[in-house]
Amino acid sequence: MSKLQGSPASAEACPGPNPPPLSELPGLTVPDIGPVSGGDPHEAAAHAPPAGKATVTCIDYSPEQCQLEEVKDPAEFLARHRPEWSVVRWINVDGATDPVLTQALAQKYQLHPLAVEDLLHPGQRPKAEDYPADADSPGRLFVLARMLQIVGHRCRSEQIAFFLGRRTLITFQDAPGDVFDPIRQRIKTKGSRLRNSDASFLLYALIDAIVDHLFPILDNFSERLTALEESVLMWPGRSTVTPIHRLKRELVVLRRAVWPMRDLVHQLQREPHECLSDVTRTYLRDVYHYLVQLIDLVETYREIATGLTETYMSAVSNRMNEVMKTLTIISTIFVPLTFLAGVYGMNMPIPENHHAITYPLFWLFALLVAGGMLFWFRRRGWF
Amino acid sequence: MSKLQGSPASAEACPGPNPPPLSELPGLTVPDIGPVSGGDPHEAAAHAPPAGKATVTCIDYSPEQCQLEEVKDPAEFLARHRPEWSVVRWINVDGATDPVLTQALAQKYQLHPLAVEDLLHPGQRPKAEDYPADADSPGRLFVLARMLQIVGHRCRSEQIAFFLGRRTLITFQDAPGDVFDPIRQRIKTKGSRLRNSDASFLLYALIDAIVDHLFPILDNFSERLTALEESVLMWPGRSTVTPIHRLKRELVVLRRAVWPMRDLVHQLQREPHECLSDVTRTYLRDVYHYLVQLIDLVETYREIATGLTETYMSAVSNRMNEVMKTLTIISTIFVPLTFLAGVYGMNMPIPENHHAITYPLFWLFALLVAGGMLFWFRRRGWF
Amino acid sequence: MSKLQGSPASAEACPGPNPPPLSELPGLTVPDIGPVSGGDPHEAAAHAPPAGKATVTCIDYSPEQCQLEEVKDPAEFLARHRPEWSVVRWINVDGATDPVLTQALAQKYQLHPLAVEDLLHPGQRPKAEDYPADADSPGRLFVLARMLQIVGHRCRSEQIAFFLGRRTLITFQDAPGDVFDPIRQRIKTKGSRLRNSDASFLLYALIDAIVDHLFPILDNFSERLTALEESVLMWPGRSTVTPIHRLKRELVVLRRAVWPMRDLVHQLQREPHECLSDVTRTYLRDVYHYLVQLIDLVETYREIATGLTETYMSAVSNRMNEVMKTLTIISTIFVPLTFLAGVYGMNMPIPENHHAITYPLFWLFALLVAGGMLFWFRRRGWF
Amino acid sequence: MSKLQGSPASAEACPGPNPPPLSELPGLTVPDIGPVSGGDPHEAAAHAPPAGKATVTCIDYSPEQCQLEEVKDPAEFLARHRPEWSVVRWINVDGATDPVLTQALAQKYQLHPLAVEDLLHPGQRPKAEDYPADADSPGRLFVLARMLQIVGHRCRSEQIAFFLGRRTLITFQDAPGDVFDPIRQRIKTKGSRLRNSDASFLLYALIDAIVDHLFPILDNFSERLTALEESVLMWPGRSTVTPIHRLKRELVVLRRAVWPMRDLVHQLQREPHECLSDVTRTYLRDVYHYLVQLIDLVETYREIATGLTETYMSAVSNRMNEVMKTLTIISTIFVPLTFLAGVYGMNMPIPENHHAITYPLFWLFALLVAGGMLFWFRRRGWF
Amino acid sequence: MSKLQGSPASAEACPGPNPPPLSELPGLTVPDIGPVSGGDPHEAAAHAPPAGKATVTCIDYSPEQCQLEEVKDPAEFLARHRPEWSVVRWINVDGATDPVLTQALAQKYQLHPLAVEDLLHPGQRPKAEDYPADADSPGRLFVLARMLQIVGHRCRSEQIAFFLGRRTLITFQDAPGDVFDPIRQRIKTKGSRLRNSDASFLLYALIDAIVDHLFPILDNFSERLTALEESVLMWPGRSTVTPIHRLKRELVVLRRAVWPMRDLVHQLQREPHECLSDVTRTYLRDVYHYLVQLIDLVETYREIATGLTETYMSAVSNRMNEVMKTLTIISTIFVPLTFLAGVYGMNMPIPENHHAITYPLFWLFALLVAGGMLFWFRRRGWF
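Protein chains in written order, with our numbering: chain A, 7 to 389; chain B, 7 to 389; chain C, 7 to 389; chain D, 7 to 389; chain E, 7 to 389.
No lab work stands behind these hints, which were simulated from the structure alone.
One thing to keep in mind: the hints can contain errors.
Repeated chains share a single entry, so a pair holds when one copy, or any two copies, can fit it.
To be verified - In silico EDC-like cross-links for lysine to aspartate or glutamate, where the CA-CA straight-line distance does not exceed 20 Å:
1. K133 / D214
2. K59 / D79
3. K133 / D269
4. K114 / D100
5. K196 / E70
6. K194 / E70
7. K78 / E316
8. K194 / D225
9. K194 / D214
10. K196 / E316
11. K78 / D100
12. K59 / E76
13. K59 / E75
14. K194 / D302
15. K59 / E305
16. K114 / E358
17. K114 / E75
Just so we're clear, the structure is a prediction, and the values are computed from it rather than from any experiment.
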């Protein structure tokens, strides 16, 4: 009963859109897992973190009609039936960690206790699970995804859960604010494909919106890589070690976020499910291709970043070599000559010191030694 | 007949919860394998290590009733039948290496000799094996797992074996003390899901408890990684080599412990077995997702740790480059000037030494040389 | 609705045929993805980038006849029926991003909206998708490929889309200029295999032409690798770091371009499709073998390039070692002797300084020290 | 007809049990492959290396009886029929490379010529091959394994071939001396499981004995790794380079030996064969788990060894950095001061040299410079 | 129509049998691919490189008879029927690039145009392709292999193509000279297995001969690795960088040559084909095992070579560390003392210079400083 508990509505940070100012991707801290998942729902609810106030929005639409309701009184809302004309009902909950509301919804829509456990606790790995229909409950598709978006210059990472039924989609978000406004707009637009399609097509549209918002984040990585590359090749120094390390570390974390999304969409696209229409699965194939392309990019960036470290090491080694050569050239020329000067500065009877010719000879010798050394170094290619 | 023998009840050490004081994970020493596995059980028993005193606990429960018995006299216990109302019987043995008791249990519950061999000797790789029913014996599912828990500031690693029948679960632990107290509590709580379920659900609950206890250990790694990262980027020195090496080495060992657990749970969840109910397999899917997440984390930590070594090398190289540049700047300025001073300190007739103007000229020349050098170094970007 | 938008007809650069002057492969910048792919086609069209003027060419041929038409008025062209003798019709559009024309074609030939989305936006990952026949539309095979060609000393990368029907092939290119002139020639040649075959064989011939044009690009890499190898082994220095880094980076990008082409052709060759004849699939097997060989080469080059970095580091380390040894030999010989000379140059009463024998003794000692040092260094193998 | 020929009865060396004195694992030399394998057996025999004298031992046993015969006259032995009570006959040949004897056995027991080829030449890769029954010959299972054992302080590597029929097992060893004595003992023990089982169970028991003997070898690696680790972390120097290299190289070779053993056992355990009983395959599953564990260990050791090299490099780099810092601190303090002392030692008219105050001022300046330098170094964290 | 063209009969070089003198393996240059493979055969022939004079040899044999014919007039030969007694006909063409002859053979034996394309152009990747029988042509198995052989001290690499029919095998070699003489000998030997078998067994025998000739090449690598290892561990210097790099590079290329051979044989052995007898496939399994062993060796050598680079770097780093320590010890002892001697050599009024005791005191101080330094260095373990 004692798994790690994160603050429920935490909006984790990820890299912002501007290459230089960068807020780190989360991921090193052990993510929140939730209580013993097999426990009874009511037990779990009792142990859940104190919840913020959840807000519920409900959109009903059919090709002809569309109605949005900001739910003030959830109890009353759950007691009411949906309008008869409604083809698709989308219930969006901001503040998934409100256990009371979540339990109420779970009871009305017969959500599986294991899935409810998962959504009550943020930090899960994206996954799709099928809870097939049985005597007690109708079939449900449960999808857990991760929504990355850039808010201001920071990047917010949020867990989002989808419960897909035949005519209903319920989404649970940790906090208000999402990337779905264009979707809402399209629902309101009469005649749009979304308006004319079923609930699973709405699921597709939401996942597609989430995937769309990953591209600007990768763009940020691309810009930073290019900048780092230039600085490594032009002037490798202390100030490049830290950003390269950060970049690689964030790519590791980003990759960990994108891979399961790909698996998730692949699974949805492949395995037939009573709640997923064939049209939706064709469109999900498209999202899958985008995710493959994203992973391709992430892997490419990782390889380039690895190459960058190697190049950095090569460049520093090379520069050190040049520094050493300068030191060695100067030292090997002057150290022996300094010794010689020292000899003739000794206060003992030195015969040579009595002749005026010695001084010019000394200089001649010094020049010869220096010239010989330089010649030798040049032949060895030192400069 | 001569495989390595470990002390039977050894509680191996693994990293504690506090990042700085850390007791190493075991794993470099060849683990204990047990005697020739095809030998007759009674032969093997004769060769088994001397056993500590084993304690046996038996819990019988049904939705209505629950009864715990600390078995004093195993022989008498084994002779008795279980109460009629008992739906699930859980027999827990602390001290699996007591060959007499183990053989008695094996005989009563018709456990396969190969499985009995395995549990008699600690240090095995986690695995699940199916011994299907035949004429002689009913079907049994044999699961060998590894239980890591933090006791004090150290981490204990213990082998735990499960024999699952249709209505009975027998667990063998090496030593007293486990992570199952919340499970026992839930069994005692009337109306809990566990109380209302079958023996395989109990198996699930125990495995889930084991997996739960892996998260704090990963948390410890996360904290240590963060600390090391900071120290590498701020002040790379001698004191960081050893902890980075240790961390990487422990991650290798930890990974070796978690991977087979994943395979094991995957196998249980996938392959139907007469003793595993469908509900249990749905719940095991959840445990499987936790283990995938754990492995994800371990792999992420390993990649970050690898990046850390590279960054360390980069940082040390870079620092060495700076040190070398300082040395080279000082030397290349002063070594030639020292030579010149040495020349004018020679005790031979030097014409320049007769003029008062020579001294200021010398200083002028020295300053020019130094300034020229510094200008050249700055142009090459040395400082 | 806000994915990245590239300029529609951009011809991205890739490495030219001459090893030294090299224009970089594109690939670090996030490629263009297109608008929300599930949007209605007309919506998408409204958001598409402003298009250049597209030109349409149509070739009809049968074993007996062949006719090429440069379409001036697309509307009129689409209204007309094809000649009765025409076995294969190849419509080539230069300027895929003209939304009006593309929509017109899509409507006439019943192309799937998702595929049309893809071709309207360059920078996609090569892929093959099957849109099977249904009540509304006949079966179509949609192939998205990437065409690399060397134009002048630069390499142009262009996206090319194929829609294959039973008797029609429609190709969409981003810009005028392609690698298909030999194919056009073969179509005009009466009796050629191409002329006698069906539309899917034309698809094969075009893909084969694209793959053919990858070999000269790899040749460029081969030449540059050889040159770099020589320079690393002969004279490792600063000037080799940048080109090695560039080469590795470009190989990463090239690999990313060739792998999906292989998957694409593999998929075409394996999975039967109503529009692909058996003969074509036999010929595609051949193209597949060429792509495997190409990938083999790319991987081999990457491994050699990786080895090159290691060798560079070894060579620089080794050279540094030699430099250090020179410095150390000179210093350890002369620094102690300089000290000694300094001692006898002190202006304090030194008894030795009163004897004439001291001077030759000093030299003798100096020579002994130097000789001893040199002997010791040689014994340690320093030179 | 010209593959490499090793001396037939060569007992190759592998690492001994004591960590410090270590005889290398074989494996760099190209192993012996044998003559053209498709040649006629009698041709091959003519080209086989001259054979040592082979000894043949035959054990017949049934649950009731057991009889061991040291065969003196192979011809007579082969002519005789086996006793009627014999359930299992185990013929062991020490000296597989005696072509005459081998051919005689091959003829009597209808062994496949390709298999006979293989056993005539040592150095093969472990493998299992099924020669199914046909009109001419009954089904035979042919297993080629590698037996590593520690003899004295050295490790012997020997090839061992098994021919399994329904009631007969023939083993061919290169040289006398094996790890099978406990098995022989168990055969003699009435009532042992081995005695009561069929020929395939004997095969299992022998393979199990071979696998058992791999653990002490891994134990040796473990001890050496621990020792090296300590020495790298405490005192990295020249003496650690060679043993780390050796260890890694031997692990590469050991891995190459263990992997095919795993594949072999996996194949035996999976694929049903007329000569393998179900019981035996259950027991082989156990051996397979041991081999998986062994490979796990080998891979773990390899990763730790790789980490060791990196740590070694880090430690040496770090130490070099410290050495450089010492040199640089001393030099940058004293080199400028020496220059100054040299200036005032010049024999030219220097005004300062006429005042007594100059000397103490000089020392004051020197101390200030030294102190300033030290302060600056400390601020940069150099010591 | 413009793929790269190599000189048709080029015998590429690969490493010779003597470790020191080594001619490099080919492989960096883009291999020859041939003209557009889908073109009509006669078109392709028109573009093929000018051919050397091809020689054709035909061997007919049956268990009873055997006849070898050096074909002088191919046209006449192709017009003739084979003798009635002939069970197997082997036509060997030296000079595959003679388009006229090749086309004539292709026409008579109904070879597939794509396969003919392939053989007309050297430098292809080994592969096996099945052209199944249809209305027009009987089934053919087309195998493209690479034959490496040591001629003199160089290694020749040649492409060899096999067309296998039911009773005929046609081989095309680029140039005269092959490794098949023992096979020819065996064909002539009455009663040999080869003589008594069908055409597919001949194919096996030829492939086996090719594989046999790979072992001496690996032997050469083994010897060079051993030599390099010794030199790296004993005396790492400049002269080892280049050979290690070469060796690794050649292993990359060799690996690229051996892998597709393995795939090829695996495919032949696995997939039933009308032209391959079961016996042949059993024997090919043996060849497959040899190739697996070869690849094992190549991979092992690559890992050892990678380890060698790391060890080289460690050794050079370590040696540099020792050099630096020597320099630092000498400098830190004598540089301060030289400064002191310089002080007392200043020509200013220095009180100490007036006392005779100063000189011995100076020496005493110098010895103390030197001794103290040495003591400190020893405590830090510098020597």
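Now the hints, each set against the structure:
In this assembly of identical chains, K133 and D214 lie within 20 Å of each other by CA distance both inside one copy and across copies; the values are 16 Å within and 19 Å between. Taking the shortest Cα distances, K59 and D79 sit within 20 Å of each other inside one copy (12 Å), while across copies they are farther apart (57 Å). In the homo-oligomer, the alpha carbons of K133 and D269 lie at most 20 Å apart both inside one protomer (8 Å) and across protomers (18 Å), since each shortest distance falls under that limit. In this assembly of identical chains, the alpha carbons of K114 and D100 lie at most 20 Å apart only when taken from the same copy (18 Å versus 45 Å across copies).
Taking the closest pair of Cα atoms, K196 and E70 come within 20 Å of each other only inside a single copy of the chain (7 Å); across copies the shortest separation is 52 Å, beyond that limit. Taking the shortest alpha-carbon separations for K194 and E70, only the intra-copy value of 10 Å comes in at or below 20 Å, while the best inter-copy value is 55 Å. When the C-alpha separation of K78 and E316 is checked against a cutoff of 20 Å, the pair qualifies neither within a copy, at 58 Å, nor between copies, at 55 Å. Proximity of K194 to D225 under the C-alpha cut-off of 20 Å is found in neither arrangement, the shortest distances being 31 Å within a copy and 46 Å between copies.
For the homomeric pair K194 and D214, the shortest alpha-carbon distance inside one copy (18 Å) is at most 20 Å, but the shortest distance between copies (45 Å) is not. In this assembly of identical chains, the alpha carbons of K196 and E316 never lie at most 20 Å apart, being 56 Å within a copy and 57 Å across copies at closest. Proximity of K78 and D100 under a CA criterion of 20 Å is satisfied intra-copy only: 13 Å inside one chain copy versus 56 Å between copies. With identical chains, the CA atoms of K59 and E76 are at most 20 Å apart within one copy only, with a shortest distance of 14 Å there and 48 Å across copies.
Taking CA atoms no more than 20 Å apart as the test, K59 paired with E75 passes inside one copy only; the shortest distance there is 17 Å, against 47 Å between copies. With identical chains, the CA atoms of K194 and D302 are never at most 20 Å apart, being 35 Å at best within one copy and 41 Å at best between copies. In the homo-oligomer, the alpha carbons of K59 and E305 never lie at most 20 Å apart, since the shortest distance is 40 Å inside one protomer and 37 Å across protomers. For the identical chains of this complex, K114 and E358 are neighbours neither inside a copy (112 Å) nor across copies (100 Å), given an alpha-carbon limit of 20 Å.
Taking the closest pair of Cα atoms, K114 and E75 come within 20 Å of each other only inside a single copy of the chain (18 Å); across copies the shortest separation is 42 Å, beyond that limit.
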